[in-house]
Structures are given as C-alpha cells and as structure tokens.
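Chemist: Sequence:
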Amino acid sequence: MKLILITTPTYFVEEDKIITSLFEEGLDILHLRKPDTAPVYAERLLTLIPEKYRKRIVVHGHFYLKDEYGLKGIHINHRNPTPPLNYSGHISTSCHSIQEVEERKKDFNYVFLSPIFDSISKEGYKSNYTPEEIRKAVKADIIDQRVIALGGINEDNILQIKDFGFGGVAVLGDIWNKFNPNVDFNYQELITHFRKLKRLAD
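Residue numbers (my numbering): 1 to 202.
Because the hints were derived from the structure by calculation, they are not lab data.
In the EDC-like style, the derived pairs of lysine to aspartate or glutamate whose C-alpha atoms are separated by at most 20 Å in a straight line are:
| hint | residue 1 | residue 2 |
| --- | --- | --- |
| 1 | Lys-178 | Glu-123 |
| 2 | Lys-34 | Asp-67 |
| 3 | Lys-17 | Glu-189 |
FRET-style restraints, in silico, Cβ to Cβ:
| hint | residue 1 | residue 2 | range |
| --- | --- | --- | --- |
| 4 | Ala-38 | Lys-196 | 32 to 38 Å |
| 5 | Glu-43 | Lys-106 | 32 to 38 Å |
| 6 | Ala-140 | Thr-192 | 37 to 43 Å |
| 7 | Thr-130 | Leu-85 | 37 to 43 Å |
We treat Cβ as the ideally placed atom computed from N, Cα and C, and that holds for glycine.
From just these sequences and the hints, can you work out the full model?
Modeler: Encoded structure:
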C-alpha cells in the first residue's frame, strides 16, 4: 500500500533535511502543498532536495515546477482546478464523496478520498463515511488501488485502511505533529514514527 506524505502548509528551516530523510526511509510520494505562498520558496526547497528524489514529488500549485525540476506530477483541487493546457503526465485530485470518486477516478492516476477518519490537522473536519459505506464502495469497485485514503490516518487505523482495500494512505498531521520547528532541533521522533507507519503500510 502506498504511503504518501503531504507537506505542512508553511515552510520551515529543517524541511528539506526531513523530506530527504523520509525519502531515504522509503517514502513513496510527497505532495508539496503550500497554499498562498510564492513559487520562489518552492523552488528553493526543491533545489535542496536531491535530484533522484524529485521524481517522487507532486505539486499542488505553480505547475511549471513539474517540468522545471523533473517532478512526478501535479495535483488539482479547488484552488487550482485545471491542469495546464496540453498537460500530459501524472495527475491526481481530491474527492470528498464516494460519488465524486466514481465520477472522476477514471481521469486520474489516483484520487484522494477524505476525510476517512476525523482530521488530525484540520479542526472540526469530521469523518464522512461509515465502514459499511466504504465496504460497499469496495464491493462496487469504486474504491480500489487508485483511491488513496486521507484524513485522520495514524498507526491505530492504518491497518483498517489496508483491510478496506485502498491503494494507499496520505498522511499529514500524524507525521508533522512529531516535530515542532519552533522548538525542536532533532527530528528523530518523526523519522521513527514514519518507520512504524511504513512497516504497517507495506
């Protein structure tokens, strides 16, 4: 099962080192999501990440970065709803209902479905689905390997996601909560926690 990490919405000093370490530990894909930030900061971060790992990065905006830095692909959402003209290559999107997955999945390499559980990073963003609804969608071939579970994923429920039959998980809060850039100098706890999630996902 794929393990995808979404960045924090803001940049911080140790970010390139942590991302590089996570790729070294086997991170499958990183989604670079920094809403309302200037592209120059994304460029700076990308130049600090070894070239061999850039092909595992998907951008949520400033789509020209994909070709300029040899990235994996782009992710479209309500902020950036359309791909560049004549775009070809890896593309993903976000869905917020099983019906939306059914309608849109065929046009993308994979789609995020959220929130599967109550969100860790967004307060008040509650789970939308019962286990029965998910199993029904799996039976109907709506949820399959091209659907990535997002929202509230942690070590206590990741095996449940695997059992449902999703193609992967996307994590945000559960990983980044292990490091506070304002006070922490050592990110070993974050790496150790990632290893645990990776073992469970594999």
